[in-house]
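Heads up: the protein sequence lines correspond to chains Y and U, in order.
Using my numbering, the first residue of the first sequence is number 1, and each one after it goes up by one.
Using my numbering, the first residue of the second sequence is number 1, and each one after it goes up by one.
Worth flagging that the hints you see were computed from the coordinates, not collected in a lab.
Just so you know, even glycine gets a beta-carbon here, dropped at the ideal spot from N, CA and C.
Treat the hints with care, as some may be off.
[As the list claims (entries may be wrong)] Computed spacing ranges between beta-carbons, pair by pair:
{"no.": "1", "chain 1": "U", "residue 1": "Leu-121", "chain 2": "Y", "residue 2": "Asp-406", "range": "38 to 46 Å"}
{"no.": "2", "chain 1": "Y", "residue 1": "Gln-397", "chain 2": "U", "residue 2": "Arg-192", "range": "41 to 49 Å"}
{"no.": "3", "chain 1": "U", "residue 1": "Gly-148", "chain 2": "Y", "residue 2": "Pro-181", "range": "52 to 60 Å"}
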Amino acid sequence: MAAVQKTIDAVAALEKYEHGFTSDIETEYAPKGLSADIVRFISEKKGEPAWMLEWRLAAYERWLAMEEPTWASVKYTPIDYQDLFYYAAPKEKAGLKSLDEVDPEILAIYAKLGIPLKEQEVLAGVEGAARYAVDAVFDSVSVVTTFKAELAKVGVIFMPISEALREHPELVRKYLGSVVPISDNYFAALNSAVFSDGSFVYIPPGVKCPMELSTYFRINASNTGQFERTLIIADKGSYCSYLEGCTAPMRDENQLHAAVVELVALDDAEIKYSTVQNWYPGDAEGKGGIYNFVTKRADCRGDRSKVSWTQVETGSAVTWKYPSCILKGEESSGEFYSIAITNGHQQADTGTKMIHLGKNSKSRIIAKAVSAGKSDSTYRGLVSVHPKATGMRNFTQCDSLLIGKDCGSHTVPYIEARNGSAQLEHEATTTRLSDDQLFYAQQRGLSQEEAVALLVNGFVRDVMQKLPMEFAVEAQKLVAISLEGSVG
Amino acid sequence: MLKIENLHVAVGDKPILKGLTLDVPAGEVHAIMGPNGAGKSTLGYAVAGRPGYEATEGSVSWKGEDLLGLEPAERAAKGVFLSFQYPIEIPGVPALTFVRTALNAQKRARGEEEVSAPAFLKLVKAASAALKMDFDMLKRPLNVGFSGGEKKRMEILQMALLEPSLLILDETDSGLDIDALRIVSEGVNALRSPDRAMLVITHYQRLLDYIKPDRVHVLAGGRIVASGGPELALQLEAEGYDKYLPVAA
Numbered sequence: 001m002a003a004v005q006k007t008i009d010a011v012a013a014l015e016k017y018e019h020g021f022t023s024d025i026e027t028e029y030a031p032k033g034l035s036a037d038i039v040r041f042i043s044e045k046k047g048e049p050a051w052m053l054e055w056r057l058a059a060y061e062r063w064l065a066m067e068e069p070t071w072a073s074v075k076y077t078p079i080d081y082q083d084l085f086y087y088a089a090p091k092e093k094a095g096l097k098s099l100d101e102v103d104p105e106i107l108a109i110y111a112k113l114g115i116p117l118k119e120q121e122v123l124a125g126v127e128g129a130a131r132y133a134v135d136a137v138f139d140s141v142s143v144v145t146t147f148k149a150e151l152a153k154v155g156v157i158f159m160p161i162s163e164a165l166r167e168h169p170e171l172v173r174k175y176l177g178s179v180v181p182i183s184d185n186y187f188a189a190l191n192s193a194v195f196s197d198g199s200f201v202y203i204p205p206g207v208k209c210p211m212e213l214s215t216y217f218r219i220n221a222s223n224t225g226q227f228e229r230t231l232i233i234a235d236k237g238s239y240c241s242y243l244e245g246c247t248a249p250m251r252d253e254n255q256l257h258a259a260v261v262e263l264v265a266l267d268d269a270e271i272k273y274s275t276v277q278n279w280y281p282g283d284a285e286g287k288g289g290i291y292n293f294v295t296k297r298a299d300c301r302g303d304r305s306k307v308s309w310t311q312v313e314t315g316s317a318v319t320w321k322y323p324s325c326i327l328k329g330e331e332s333s334g335e336f337y338s339i340a341i342t343n344g345h346q347q348a349d350t351g352t353k354m355i356h357l358g359k360n361s362k363s364r365i366i367a368k369a370v371s372a373g374k375s376d377s378t379y380r381g382l383v384s385v386h387p388k389a390t391g392m393r394n395f396t397q398c399d400s401l402l403i404g405k406d407c408g409s410h411t412v413p414y415i416e417a418r419n420g421s422a423q424l425e426h427e428a429t430t431t432r433l434s435d436d437q438l439f440y441a442q443q444r445g446l447s448q449e450e451a452v453a454l455l456v457n458g459f460v461r462d463v464m465q466k467l468p469m470e471f472a473v474e475a476q477k478l479v480a481i482s483l484e485g486s487v488g
Numbered sequence: 001m002l003k004i005e006n007l008h009v010a011v012g013d014k015p016i017l018k019g020l021t022l023d024v025p026a027g028e029v030h031a032i033m034g035p036n037g038a039g040k041s042t043l044g045y046a047v048a049g050r051p052g053y054e055a056t057e058g059s060v061s062w063k064g065e066d067l068l069g070l071e072p073a074e075r076a077a078k079g080v081f082l083s084f085q086y087p088i089e090i091p092g093v094p095a096l097t098f099v100r101t102a103l104n105a106q107k108r109a110r111g112e113e114e115v116s117a118p119a120f121l122k123l124v125k126a127a128s129a130a131l132k133m134d135f136d137m138l139k140r141p142l143n144v145g146f147s148g149g150e151k152k153r154m155e156i157l158q159m160a161l162l163e164p165s166l167l168i169l170d171e172t173d174s175g176l177d178i179d180a181l182r183i184v185s186e187g188v189n190a191l192r193s194p195d196r197a198m199l200v201i202t203h204y205q206r207l208l209d210y211i212k213p214d215r216v217h218v219l220a221g222g223r224i225v226a227s228g229g230p231e232l233a234l235q236l237e238a239e240g241y242d243k244y245l246p247v248a249a
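Full structure from sequences and hints, please.
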């Protein structure tokens, strides 16, 4: 109840894209463009082992031989890959020991974004300080990771992946690329070649991670691609909940964000991965905004392992993203809960793939698309059943809500069943925000925008409830803000 | 007082209300009766400000303030409440959330302090008990899967919590069995007060046995064609609307 109230307050109080400010941070760039030398530059900057450089160069070679995919239902100006910076980092002394050494300008940015980076405040119980660990990635590098020491006490490793490459090379080498190989797709190959940072998480056997883990991505520098790499490994019988948040300044040019996220769940392990994506969507005429081309995949390789993806996608000019699960383990289970909201000229082509390989594996897909303005939204999903996946089950529900006359919503479900015992259910609805509902809510005292926010939050409620409490409120606000002005 | 003068409302190209004039002083309950298609629901929508039901001519004021220039939410904040003939389902929004959001939106609009969650729950518990409603039902999405009777009770519950001053009840009796009708009517009667005016729209005299009107008006052909005391309702029950139809034609 309180959350909905906050949504409504937020509509009244906030600007259209409140995170659109730019910041002047002294930044170190790699030379513009992409080449084997740039890949070497990045690897050297990070002080990586030789095998890592080889891995990157192999990815770069593969990328050169690949073509940008065109099958998604999105249109955008071609990206000039030689006109981008592949590395941008705030100038800093190396090896920060504490938060006090971080550039105060950067701390101010995170404070403005409402991201808690001050452990002391949290530990001291300062009012309003949320208790969750944060890895803050600014352009190409991680600037600070909180609660590392406290997490280490229970054996949880939570650190920038660049640091993990130095401190836990054996773990990184074992799992990196084991879920999303370098040759997986065009953007994944690009990411493998040039990724500069991201988060690394390892939860040891039997450990339930004592707090929410989160990474907060911020693109600040202009003309810069952000290529982060996240790797989460939940060892046998462990559990963790992880959240990523993203924002970027308002800039006229499009910016490329091509991330790769790999999750590995061993026997009886569970990973809950939530995303609140609020990249800059471009202006009212469709100028600027982030190209969000992301590969996210979970490998449920252990028996009875479980991965749950929850995403709230409100930002970006173009989204191309299909968080997926490979359900290898027996009785493994995959879930995908998605809210995709598009307004203005945004385009989103998003969905999931559930690849059932293990016996009695289960999957559940609930996708809610809300389209307004001149935007276009596509749900694209695949449920694939291997001959050995006896007793598998899937339930898919895709609901679309249209606001206004100029938006589009499409559902493209693929099913491949190669096992006679497969049980698949698919439900889909498309509705328009009804004038009856709007008037009813307005008659009871809600302004038009409050009414839209309340009705849309009702439409997406099933999915919203899957988010960790701390983030549900923010997500509800986002829903309201991203639909401002959608009813004329 | 509610003052409606020479109100003309067209829906699309079709004129529905054609010069309706009506006064309802505060403290009084007036019944609007009339045949199907006479414009009864249109009257309710026009006063509440439904888009598509704008006045082409005439005026509507409440307590001396013009309503026609206001948004529906602004009218609600000024005390206008329309109990719907067919209450709308709001999927995913629990009834409690909906009503509290509405109440606080109105309070903000009036510059009053918002109601806290615990205080609101206390209010709801008392009001729902009076209407013999199951409190758990209020945790469910508003009106979704509710029976016709439950929806009507929900309307009256919202009315009790929002404390409007101008109450328009559109066919509140339809879909109610006799017990529910009694409970709902008691709920409405509890809201009668010297500063409230009520407009009770109904087909049947039956409801007026429970909610006693001060005045009864016959709406036919988009106008008030006859007015009288409660006995007019009894007369209509006995004779039907036939004699008013030629007037309307």
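Do the hints match the structure? See the list:
no.: 1; hint: Leu-121/U x Asp-406/Y: 38 to 46 Å; verdict: 42 Å, holds
no.: 2; hint: Gln-397/Y x Arg-192/U: 41 to 49 Å; verdict: 47 Å, holds
no.: 3; hint: Gly-148/U x Pro-181/Y: 52 to 60 Å; verdict: 59 Å, holds
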